[in-house]
Amino acid sequence: MTLLDTTITTLAPDTPAIRLDHVSKRFGAGPTVLDDVSLEVAQGEFVCLLGASGCGKSTLLNLVAGLDQASSGSVELPGGRAALMFQEAALLPWLTATQNVELALRLRGVGRRERRERSGELLELVRLRDAGDKRVHELSGGMRQRVAMARALAQETGVLLMDEPFAALDAITRDVLHEELVRLRQSQSLTVLFVTHNVREAVRLGDRVVLLSSRPGRVAKQYPVNCSQPRRIESPEVAELAVTITDDLRAEIRRHGGQS
Amino acid sequence: MTAPVAQDDLASLEAGLDALETHEVERTSRWRRSLSAIWPVVVFVALLLAVWELTYRAGLKPTYALPSPADVGLVIGEQLRDGTLLEAIATSVERGGLGFLIALAVGTPLGLLVGRVRVVRRGIGPILSGLQSLPSVAWVPAAIIFFGLGETAIYAVVLLGAVPSIANGMVSGIDQVPPLYLRVGRVLGARGLASARYVLLPAVLPAYLGGLRQGWAFSWRSLMAAELIVSSPELGLGLGQLLDQGRLLNDMSLVFAGILGILVVGIAVELCLFAPLEKRVLRRRGLLVGK
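First to last, the protein sequences are chains F and R.
Reminder that position 163 of the first sequence reads as 163 in our numbering, one-by-one numbering, no gaps.
In our numbering, each number is its position in the second sequence, counted from 1, plus 1000.
Because the hints were derived from the structure by calculation, they are not lab data.
Take the hints with a grain of salt, since some may be wrong.
Claimed, not checked - Just some of the chain F residues that point at chain R, by a computed CB distance under 8 Å:
1) S140
2) R250
3) I253
4) H256
Said to hold, decoys possible - Covered by chain F, according to a simulated footprint, are these stretches of chain R (three or more residues, beta-carbon under 8 Å):
5) 1196-1202
6) 1233-1239
The beta carbon of each residue, even a glycine, is placed where N, CA and C say it ideally should be.
Based on the provided sequences and hints, a complete structural model is requested.
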């Protein structure tokens, strides 16, 4: 079941879904947060951004989401818009699960009857149809993130930006949501830009892992993930690449200690 | 490589996790809850009456200054029967209610303006919070000189008392809106009015209700202060005026009747209007689990 067939079909297949071209960002007179970052994410690609604190991962996502402006360089979203998910599910607590999803539709001007239908379908997609009438506080952390996923899908952007969306969940729930995300991404042909500081998570999910250096954030290295999907976070292939990336990440971090 | 769980397995896995991680909140029955809320009040009031009665019997004060509970009860009964007390309550409630509604209509947009427009906040904000700590009885002389002895003066005092509370409730509500909600609104495409309607205002609601509750309390207090001083034969008899009459007649029982009337109205509005409203809003948001 693909709900998003109307969205990115207008793009030529070789147009990237996200393109960052020599992007730099500093806030006021502060230090440079992102320095000359160039990055392309192909349509339907799943890219994980990885880095230690201060690498500007979240800043980068905000730029792509249009919540902030780059100081120089250009950020392009040929498909127009992107949906953004946070570490917190950020559901609005005065609405039920269904109403949260419907709000995204309503803000896009979708009519009442269609809203009801679509929100039902979307909740079905994350397997929460029965929880539609529950209020946010009645949902577990994992369920909230799934509602947030349904809400992001309701925006029908085809591009999903995720800012450490599973960082606050317990390991068991996180593992299940990894599975869920991989499934959704395939069935909905989503382009995903996923920020994390969990190396294994990045390898578990991504088609490609991009390692960012810190202060300022630059693209340090990129790793194609060649293990076939679906994969598991425990599998040796994932562990092997994770070890390589972790070593590089540590080398990046050490550079900062040596200077002080 | 270990095989990943198949799709059906994932569905049942998720269902299992969901079931494990959500639990129904058990609630005690409504009847039992209200019973457990009421009996301490009953005991306390009984104790108070007992102490009163004992003090009266000890004869520490002359009877006109400290009548017995029974005497006061008789006077209240008499006032109730001839309709004076109920009429005074009706007059005051009408004034208080109308004043509160006007304060609501003025305070709400004022609060929005102060909360959202920086220049206005810098200009009016400090004055508004200062006004809140000014006892509104201090406005009574000015109101009488300006408007004369009449209802207008009373309403002016009520408004000056209640508007700052309501506006301040709105302002602090706006300040406390988690920035995350506003960001989510923007990500979902809510700008300007849509953002206010779907994100800001619902997020502000609990604090705003708190402001309304306080605004009502201030309305009611200000009204009593105003009625106590602004009394003339042409004006209807409110609870404040009843109190003043009691003082003029040196009739402590009448004064007690008036005070009791004021208290009863205050408690009734709180219990029947604001408490349930606030409870409902908080419970829906999971801020009042199990109470």
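Taking the hints in turn, this is what the structure says about them:
Taking 8 Å as the C-beta contact cut-off toward chain R, the hint placing S140 of chain F at the interface holds, the least distance being around 3 Å. For R250 of chain F, the shortest C-beta to C-beta distance to chain R is roughly 27 Å, which exceeds 8 Å, and the interface hint is violated. Hint on I253 of chain F is violated. Least Cβ distance to chain R is approximately 29 Å, over the 8 Å limit. With its C-beta approaching chain R no nearer than about 29 Å, H256 of chain F sits outside the 8 Å limit, and its interface hint is violated.
Coverage of a stretch by a chain is defined here by at least three residues with a beta carbon nearer than 8 Å to that chain's beta carbons; for the stretch 1196-1202 of chain R and chain F the count is 3, and the condition holds. Residues of the stretch 1233-1239 of chain R with a Cβ under 8 Å from some Cβ of chain F number 0, which does not satisfy the need for three, so the listed coverage is violated.
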